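We have chain D; now place chain X onto it with these hints.
As a plain string of letters, each chain reads:
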Amino acid sequence: MRMKRRLLNCLMWSFFCLALTFPAAAQQKLTGKVLSSKGEPLRGATISLKGSQKTVATDAEGNFSIDAPAGSTLVITFVGFADKELKTGNGPLSITLEPGNSSLSDVVVIGYQTVRRKDLTGAVDVVKVAEAQKMVAATVGETLQGLATGVNVRSSGRAGSEAVIEIRGNGSLLNNNPMYVIDGLPLTSANRDFNPADIESIQILKDASAAAIYGSRAANGVIIITTKKGKDGPMKTSFSARYGGENIKRFQLAGTQEWIALNKQAYDNSGTPYMKGVATYGQPGNTASTDWQSLVMKTGHIQDYDLGFSGGGPNSSYFVSGSYFKNTGSVLNSSFERETMRVNTESKKGIFKIGENMILSNSYENIPQGNPLFDMLAMLPIMSVKDPTNLGGFATGNNDFFTAGENPIAINTLFKSNTGNIRIKGNAFAEIKPADWIWYRFNVGAEVNWSHFQQFNIPGRISKDVQNNVAALIESRDQAYDIITEHTINFSKSFGMHHIDGVVGFNFQQDHYANILSNGTDFPTIGSGSNYLQVLTAAGSTYSAGTKTDWAAQSFFGRLNYNFNDKYLLSGTVRRESDSRFGEGYKNATFPAVSAAWNISKENFFDWRDVTLKLRGSYGSLGNVTVAPWQYLGVANSTIRYMFSGTSPQVGATQTDLANANLRWETDNTTDVGIDGSVLNNKLSFSVDYFKRLSKNVLTTNDPLPAYLTGNSNPPYPAVNAASLQNVGFEASLTYRNNDNPVRFDITANVSHLKNKLLALGETNNTSYVQEPLTRSQIGRSLGEYYLLQSDGIFQSQQEIDSYVDKNGNKIQPTAQPGNMKFIQHKTNGVQGITSDDRIFRGSPWPTFQTGLVVNLSYKAFAFNMIWWGSFGNKLFNGSRALLENLQGNNAYEKGLKPWTPQNPHTNIPLAYFGSGTNSSADASLDVININDRWLESGSFIRLRNVELSYTIPPSVLHRVRIENARFYVSGQNLLTITKYKGLDPEVANADIFSRGVDNESYPANRMISMGLQFGF
Amino acid sequence: MKSSPFYILFFTALIALLNPGCTKKLDIANPNVELADSLWTSAAGANQGVLATYQTFTKPGFNWWVPILKNLCSDEGWSESPYVQLSNTMKFIYPDYNFLAGSVRGKIDDVWGTLYQGIYRANQVITYVPNIKMDDQLKAQYIGEAKFLRAYLYYTLITVFGKVPLVLVPNDSKLVDVNSTEEKDWQQVLQDLKDAEGALPVSYSGDDRGRVTQGAAYALRAKAYLQLRDYASAKTELDWFFTGAGNGLYSLVPNFQDNFTKLNENNSESVFEIQYSDIVPFNPSVGNFQGFDLPNQVLGSTWANFIGPQGVPGCFSDARARRWPIAEFLKENTATGARDPRLGISLVYDSTDVRGPDYTMVYGQTWKQRYNSTAPDLCWFHKYLNDYDPSMQNAEPLFNSPINYRVIRYADILLLYAECLNALGNTAAAYTYVDQVRTRASVNMKPLSVAHPGLSQDAFFQQLRHERIVELMGECQRWDDLKRWGDLDDATKVAALVPGDPEFANFVVGKTRVFPIPQKEIDLNPTITQNPNW
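Residue numbers (the working numbering), protein chains in the order written: chain D, -2 to 1014; chain X, 300 to 833.
So here's chain D without its partners, still in its complex pose (with noise of 0.2 angstroms):
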């Protein structure tokens, strides 16, 4: 504590002395030109003074004025042209640039201060927003697969749903989420309601020394993503529309002669008499011929525009964008539409700025109901839609047609549910620069956001199992603001061959949420048709309750970064943080990192002129907040009722389970050493990472207490920081561009290794894992992997079953008949037979590396652009092939099926056995049974993720329309995946961090062809 203290007072120190110290130096207005080597003016190149932060860009004729002392040195920046640096005379400058690549000396946002790449010390991915902006996606984290390294994002094709992005693997087991920081705020996150094109750029802050300064919340990586700002010059204007159209793959069924041949097979196998719609398949009113997976099923539509104004004076600058994105859904009942309109301004006068950006969103979804891609494998083909004789008209499960699956169709129809949000995010800020090396800006920032919920149910039968639904509505308000603000100092200085710059800062943030939520049942019709009355006033009963939340945090930062000649780089920061979301003694924490960087390349001894190479290193601690409010403190559950001779419920209340006052942040230590460097005069760029992630003090809440205290004998348990996680791994990138030929290209490959593994998992020494149906994740290992039954093919003869014997001469599987499948025993207890103690680890769900690839290609007019991704190693649970394949129970089958028979033995399908009850046999069920590896299958696969072709009008055409630019595209998303997986999708997105492996018939990613153009004028 002491040590991170005088740190703090260090830096503070330094601060003072700094200010103290140098007096400023004598201005000078310069002005000057920059043109490309064919003398065409540049607009938007960066010039800035060296040793500042000073920076101007040149308007549309190339011009710009820059107060500068006489003698300093310029250095100039525009992207696709080699920097140039001069030294400042007295008269206007003429600057010619070279083609060539700058992306060393592109700004990076860090976190409250903007480097130049160069200078970085620690891991830090910028993302190529050309091509994020390639891929169809209603959120940002969609469309960052394969384009940042050790970036993992599993998509779901849900329309409106968004994805799961993992960085650096799982530091926490109940929150994994990174943190974004929308233009300089840390809000909560770029979801479905922010509009992907208003961005101008990604940074994704990896290790601890990039992301200290965001402390407590930084652990899981952070997102920096800044949006466009308007630029000197006449207004512009940009146009952009989009049309697609999507679909998912679809399984092969069998249709329903195939059904009922591979039905009866499995009842006479089990000698059961088969059920009456098999039985009298054929007759009259018994003919239907359902394909359910074309009624859930179907094509989805893409629209998306955008319309963006942007402009300014010498002093202000003004972006204005406007969207409208609409995705109709590629499954029954899904649709998502969102429209956005952003407002980013700024000003300046002398020594004062200010600015704000600000968005405004209305999005709506409607939400299917169920599980459509599950429940359209549970029904039989056999079975009608409809059905007139239950009430709401649709055909369930019954005695004849027996299945315990819901209906799709009916859920879809009877059930509407959809979810609205408003939402406004936005932040203003005033800055005053007295001088050129330090300035002091004041922001506010604030989300609040509505958002509305709906289900109505229409009153009906969806299943066999579940009683009529009445009539009833679910409604949901939610409204939620968060309020920050922020003060912060920057600081720039250089003298001699040092360079100092640095921020210190104060935070406070403000979080609220509140929820009212209502139900009602028995809703009058309306005349005489199914017609209801839909509001909550006219329900026969309703129920109504409500949840508040809120918490603050405050907290101190500084960074401090010092760089020699350009040479040695080294860096400090700190962030104080207090939270009242945890208990006494546990409300602080401090978060420090340091960073180093050696540009060998600078060095005399380094002789190679067109090599850089610079080496660096990092430590530091981030925290995760993944406490509710309040918890740390034991709470009267007043929501239980009870009732004796009386005519109402009475409130009971008491204490429910046990309050752990010891709450605390997980704490992640993070190392980081990198290698970054170029050759061929920058055409061949790389960068190497490797880190280390230890996450401690990990919140769990499988640490199981003795169900005797409180009667809680299953997860979730009371929450303790008590499991430990570490994700070790390496990342590397590799960049060639070749700018020379009239064919340009640039190729960027990216490969991560990731090995997660569980240190910790509770206080309670007995306690060593964590099982879920599928999967156990135990200390020493990954977290999620495969528990499960290692079967050995079928057996083909009694004699072979008679034969498969214990040491102790014990047949194994006994019961067994030729066909079943033969299970390896494993156990040493000296249990007879097969049982859930024979289970193994039979594979792991994490890849063993990932691997992106973006491919640019441009020949005059036309660009070709390609992003595959890879993902290799890794086991899925294919839980669909577990229905289709399961000819024990009555569901969708796949066709082709061909189970085992005496003439079939060259098969790995089980024999057919249709049983459950008294007709249940021990081994049949093993076949079937979620505990075998039979549904086990590789999740590897390679992916073109988006391919892109397009045509850009040349200028000389487009002069005549007065249009500056034009572009014409047509692009395919996930058009190609290679893969051995025979689920829909290899890229599971299960959210559940112990199952992230398992697919439980998620939401595949889309397959999309869309086309669209771009105007600028």
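None of these hints come from the bench; they were simulated from the model.
Fair warning: this is a prediction, and the values are worked out from it, not measured in the lab.
Keep in mind that a hint or two might mislead.
What the hints assert, rightly or not - Below are the DSBU-like pairs computed for lysine-lysine, each with C-alpha atoms no more than 35 angstroms apart in a straight line:
id, chain 1, residue 1, chain 2, residue 2
1, D, K350, D, K84
2, X, K432, D, K545
3, D, K345, X, K782
4, D, K804, X, K810
5, D, K30, D, K228
Same frame as chain D, now just chain X:
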């Protein structure tokens, strides 16, 4: 240096903004819930704590599982549920030592946890209410109720699991006697009930009817002594009903069926009755199932859905009744020569209507229509089904049965008193109590003193076994009866149960009289020893 004052001003302003005041904003009170500490400061809070303890009975771990275990483990019932672990458990095949701690379906199946949940709630009342400043009599009543409920929950735990950890104080794991003995557990039950006897009122009025009474405490204490085979002490407790303060408080209701419907609840025969209600409708759209501690949670029981006859919509038919008791009912006719009317009320089988399968109605269809079979194994428990109500004939039970559980009926007290008197050698005096049960208006059997006068002590005991079957079948009594009578401690006696209930072939003397302590609990606390031979 001319701008230095400017910077200094800057910093002063900044530091002023940073330091003071802000930490206060980090103290935010929770507006949603009451803190546990503040609940136990008022009479109203005490009452809420007591209500929450009673609420344990609305959880399926109690209202589904306890009747399943007590009825089906005995030779009265069995299961052919496709839920194989359930049916195996009832057959004494129990490979998974965690099954009754909710290993398969989570909390819903959690017998062990639910019973301890109730104990945790009772312990809070017993520990914290004494410090509340409130009316002394009411305070004594609340503590008495909690002690009764804790005793009843332990009674249930002991009869299912044998020796169980003794937890008497909430929120302190150090004070748990994890290796308590069955004897110590029983002593605690007796002590709690002694305290409850002294604190509880004999009756309640108005909306409070249904809270536990002094009579319930005497009755349960007697039943506890009986499980310990201490007939003398049991008799002393039961004397309260006949020669003590409780004399005249209870009487049999004329209509036997009134004990199993919602038409006449908390009647004169009810000594301890658990309250259920369908005032909160079950709504699958909202998912307000039992046991989730939600304000709109249904307050009914699930028992009916699980015992209901096969094929009736909404019934799972996990529980079946054995058919041997039918013969017990048919042993004797009524004074007017009719079939014992209790048979049709106790069992659903092909002749629930004395005229046979063509007339026996099973939820809107005759037996013949519904099953077209007189297969010898079809038979279900009938008590607590809602088909007594003609409007329910075509309706599905909605997991929300409003029918109260009559845990201790006065008829049971009469038979137990007779059992005590007989066991203590006073057989002649015992007759009158059995006669009362037999001659209930709607039952109308001949008095035992007329039908079988002058029975020997042993013969009278055998007659009592019969009387308990025909009066109490399907009321969770038989398992305790068999234990008390020593039928489960002797291989010969166990073998005698096998013809009626073949599952007893799997019964192991010295082992299966109790279930194993859930393995989870032993894993977490290895000092707990497992029950013998498990």
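* Asked: Which earlier hints turn out false for this structure, listed by number in ascending order?
  -> Per hint list: single violation, 3.
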